[in-house]
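Just so you know, the sequences run in chain order C and U.
Residue numbering for the first sequence is 3 to 526, as defined by the working numbering.
Residue numbering for the second sequence is 3 to 526, as defined by the working numbering.
Take these hints with a grain of salt, some might be off.
One copy or any two copies: either way a pair holds, since identical chains are not told apart in the list.
Simulated crosslink set (DMTMM-like; lysine to aspartate or glutamate; CA at most 20 Å straight-line) [said to hold, decoys possible]: (1) Lys476 with Asp71; (2) Lys476 with Asp371; (3) Lys465 with Glu40; (4) Lys465 with Glu485.
Hints in this document: simulated from the structure, not taken from any laboratory.
Small disclaimer: the values here were computed from a predicted structure and weren't measured.
The chain contents come next:
Protein chains: 2
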Amino acid sequence: MQPAVEPATTTTTTGLTLRRVAIDTYHENVAYLHRDCEVVRAEGFQALSKVEVRANGQRILATLNVVDDSSIVGCNEIGVSEDAFARLDVAGGHPVSVSPAEPPESIPALFRKINGERLGRDDFRHIIRDIAELRYSKIELTAFVVACNRSELDREEVYFLTEAMVASGRRLDWHEPLVVDKHCIGGIPGNRTSMLVVPIVAAHGLVFPKTSSRAITSPAGTADTMEVLANVELPFEQLTGIVRQHHGCLAWGGAAMLSPADDVLISVERPLSIDSPGQMVASILSKKIAAGATHLVLDIPIGPTAKVRSMPEAQRLRRLFEYVAQRMHLSLDVVITDGRQPVGRGVGPVLEARDVMLVLENDPRAPDDLRQKSLRLAGRLIECSPDVRGGDGFSIARDILDSGRALAQMRAIVQAQGERGFDHHHPALGALTLEVKAPAAGVVIGIDNLQIAQIARLAGAPKVRGAGVDLCVKLGEPVAAGEVLYRVHASYPADLEFARQACARASGFSLGTAAQVPHVFVEF
Amino acid sequence: MQPAVEPATTTTTTGLTLRRVAIDTYHENVAYLHRDCEVVRAEGFQALSKVEVRANGQRILATLNVVDDSSIVGCNEIGVSEDAFARLDVAGGHPVSVSPAEPPESIPALFRKINGERLGRDDFRHIIRDIAELRYSKIELTAFVVACNRSELDREEVYFLTEAMVASGRRLDWHEPLVVDKHCIGGIPGNRTSMLVVPIVAAHGLVFPKTSSRAITSPAGTADTMEVLANVELPFEQLTGIVRQHHGCLAWGGAAMLSPADDVLISVERPLSIDSPGQMVASILSKKIAAGATHLVLDIPIGPTAKVRSMPEAQRLRRLFEYVAQRMHLSLDVVITDGRQPVGRGVGPVLEARDVMLVLENDPRAPDDLRQKSLRLAGRLIECSPDVRGGDGFSIARDILDSGRALAQMRAIVQAQGERGFDHHHPALGALTLEVKAPAAGVVIGIDNLQIAQIARLAGAPKVRGAGVDLCVKLGEPVAAGEVLYRVHASYPADLEFARQACARASGFSLGTAAQVPHVFVEF
Chain C
3 MQPAVEPATT TTTTGLTLRR VAIDTYHENV AYLHRDCEVV RAEGFQALSK
53 VEVRANGQRI LATLNVVDDS SIVGCNEIGV SEDAFARLDV AGGHPVSVSP
103 AEPPESIPAL FRKINGERLG RDDFRHIIRD IAELRYSKIE LTAFVVACNR
153 SELDREEVYF LTEAMVASGR RLDWHEPLVV DKHCIGGIPG NRTSMLVVPI
203 VAAHGLVFPK TSSRAITSPA GTADTMEVLA NVELPFEQLT GIVRQHHGCL
253 AWGGAAMLSP ADDVLISVER PLSIDSPGQM VASILSKKIA AGATHLVLDI
303 PIGPTAKVRS MPEAQRLRRL FEYVAQRMHL SLDVVITDGR QPVGRGVGPV
353 LEARDVMLVL ENDPRAPDDL RQKSLRLAGR LIECSPDVRG GDGFSIARDI
403 LDSGRALAQM RAIVQAQGER GFDHHHPALG ALTLEVKAPA AGVVIGIDNL
453 QIAQIARLAG APKVRGAGVD LCVKLGEPVA AGEVLYRVHA SYPADLEFAR
503 QACARASGFS LGTAAQVPHV FVEF
Chain U
3 MQPAVEPATT TTTTGLTLRR VAIDTYHENV AYLHRDCEVV RAEGFQALSK
53 VEVRANGQRI LATLNVVDDS SIVGCNEIGV SEDAFARLDV AGGHPVSVSP
103 AEPPESIPAL FRKINGERLG RDDFRHIIRD IAELRYSKIE LTAFVVACNR
153 SELDREEVYF LTEAMVASGR RLDWHEPLVV DKHCIGGIPG NRTSMLVVPI
203 VAAHGLVFPK TSSRAITSPA GTADTMEVLA NVELPFEQLT GIVRQHHGCL
253 AWGGAAMLSP ADDVLISVER PLSIDSPGQM VASILSKKIA AGATHLVLDI
303 PIGPTAKVRS MPEAQRLRRL FEYVAQRMHL SLDVVITDGR QPVGRGVGPV
353 LEARDVMLVL ENDPRAPDDL RQKSLRLAGR LIECSPDVRG GDGFSIARDI
403 LDSGRALAQM RAIVQAQGER GFDHHHPALG ALTLEVKAPA AGVVIGIDNL
453 QIAQIARLAG APKVRGAGVD LCVKLGEPVA AGEVLYRVHA SYPADLEFAR
503 QACARASGFS LGTAAQVPHV FVEF
């Protein structure tokens, strides 16, 4: 039934000018209006209302904060946070109009997910597009993340989510039949295999455009560690040129707009420690597919303090990765690895860069676990070449490393990206140190990945490049009473003090007898 | 194993002074630090980090916003939002210290709920205490609300939640054996029975200290409507005195700190339209128990556009209310009522106050449905008296109303609270009007509660007291083509235009034949 009323004409409130409010609201568009502003009264706006701000053909949705201080925003102004200001792309003082916003188009689908329903392909596409365009408030974003976590997305929903995340951003095309990549699900400090796998595999001739994130909750990401050696923030054209010439690169992927919705989702997943299988698979695969990979080797470490703690759990996760990869036409090789302890000796950007360079130089002091793991991962990728027989990859990788070709390849990539002049024989470590010693003689029977990572972070890593933890002994090694277990490096007294407090609470090391050393979960 | 390190000393960062940043962050403590501030660099703070701010013995947790404008906050200052400033309770310029905050104590319990676990009594107590003390960020708050919504709290968890919410605030004690109250779960416009039930039951001599909320998503709450007649924001001592003298009051409960965690939870439930049974029961019962009620009559309306749409659903909700009430030693009488359409004629504070006064005066123009429903609810409460026989309540209530004693009681309460001089025979309605007319002859077979409420809100209610919708016909009544179905009142042209657009989308009225009028779900 249609009522007998006059047709509607749209009303908008104008007469306001734009003002940049330099507050970093971290992936949320916030608009600031003065409480006495005409539009607040007339529209019945209240704190946290959703408003639409329009200027010069651009329109954004923002969450409203009501302000009582006219030095922040006056009665004839609308302030917007830095993210929102950049999106509107007009100068301060520009006339803008504001109106009560209809909620983002995908909100009904969000409400259905909150109520536990299964969503379809279009639902995920709309939700992820709204998220990538910052149309969701932090409340709506959190509701989506928690609802997906709880109702355990089924595998087809994970595929829809992955596909939607790829579609939300840029997708690179290298115009190559074979583009390889590797990724680890994380959680193991010192696990810097990418910086060895890339030069080995690129030296073999495969195209390997590796883009990495910076550390989110860990003491160093690949981008942070590579940045010790070379520039990692490269314009896209330069990155393409380096890959063309040297087959590989080791760059930061943050500016490339690959799966941008992922970065927004992480802003709420991180404070809630949410890392559900569905969200992990969608996050990792969407980034790799958007980066143009055709073949991916995925490292799932397993151990008592790793993200994955049992073999059945690892196998479930592997099957989910494989299902989604197959639907997305990505060739995937999952390897389950030893995650009982940190890899290598150093934890923190400079310390990890040192370990990587020692392996590349075949230095006898190089950590053997980092070398072996990197060779095995590189071998798997080399076997993606149509001309390499299954089983031959490892020895090809070892020949490339032993012959110095991997080192030469790394030097070429470092020089192309912009060398930093890092001297790994005299690395610039944090000058303040703290030694944690064995309280009694024994054999190392446990090294807690989480606690070592936490200590390295408190010491300043990754922000302070030379900060971190340098392990002196590893699992299964005997120690005497008073022998140094590890050394903490920091640059600031407050950082060292925080690390000292954490060490005092729990050193992360357990000592016992040789028989108590946990067996290796996997043979990889 | 304890490591061999020196005992820790706590470090704090001082040298900062406090500044009030007049931004209304709506139940979230926010701290503002300049990006170039020493402490941001030294502690590795990033946007949305949790920080602890201490001043003069007070300590609060706040979510960090990083600022790039030193006119908002300088490098030697820490800004805090209005909520946080009030909590610290010191003047601007006061020295403060800030440090990275440990997450609130209850976060591990929150994470367990996110992962679908059942929580115990202590878990709920810790979570709700942290929420009431504004220690949760909006992200953590949303995660709690969504996790509880999805995993469908079992009834014992709802009891634990209710108990924790009562414990989070003040609990009134009237030193009376019998303290009655009534509540409706909401969703029915015009349903202002409390303003009739209170004077009737108080005239009978029962103690009835009614505190109400303002409208959250509806066009008028009881507090908004009562405020047309009298002052509703009363100091606690005055409120007590009025109840002692007149047995009843009709006041706003917002300042009494009754179940304060509820108000914080509502700030995220509202934008997500979350109204799960468990959260509804805990919210309503915690407020009533904190207000000191010993006997409660609860109104659950049922109808096609009510909150509850089927009898089995109403019965499930009734059982949950009854279980929790019994565990909390509250005597509860649930009544399931006709929620097929708005109650009374007017929707909006002034219009609803007019309807209430017409009923109290036994005016022939008074809406009969409002009169009948109020008498039945009042009768149920009167039967709580030990000297009234079951079944006699209704006629006692009717005698009180018909005799004018209810009107006299209301006048006494209004005068005691502070009369506003409202003339209900010439109510000050919004001067701008819009009539919605029947497009054809027929019988009214449906009135959409949600759409009528939405139109009244867009017209300005409850903020604009005289705005709203005045219904001219109700369910089952015949209309001629062109006859007025309802009149919209507004005070501002923009409001009227928004209401007009909503009416054009859907008038909320359905016409048909007498046989199509939906039957009454209940006989109450």
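- Message: Of the numbered hints stated earlier in the document, which are not met by this structure?
- Response: 1, 4
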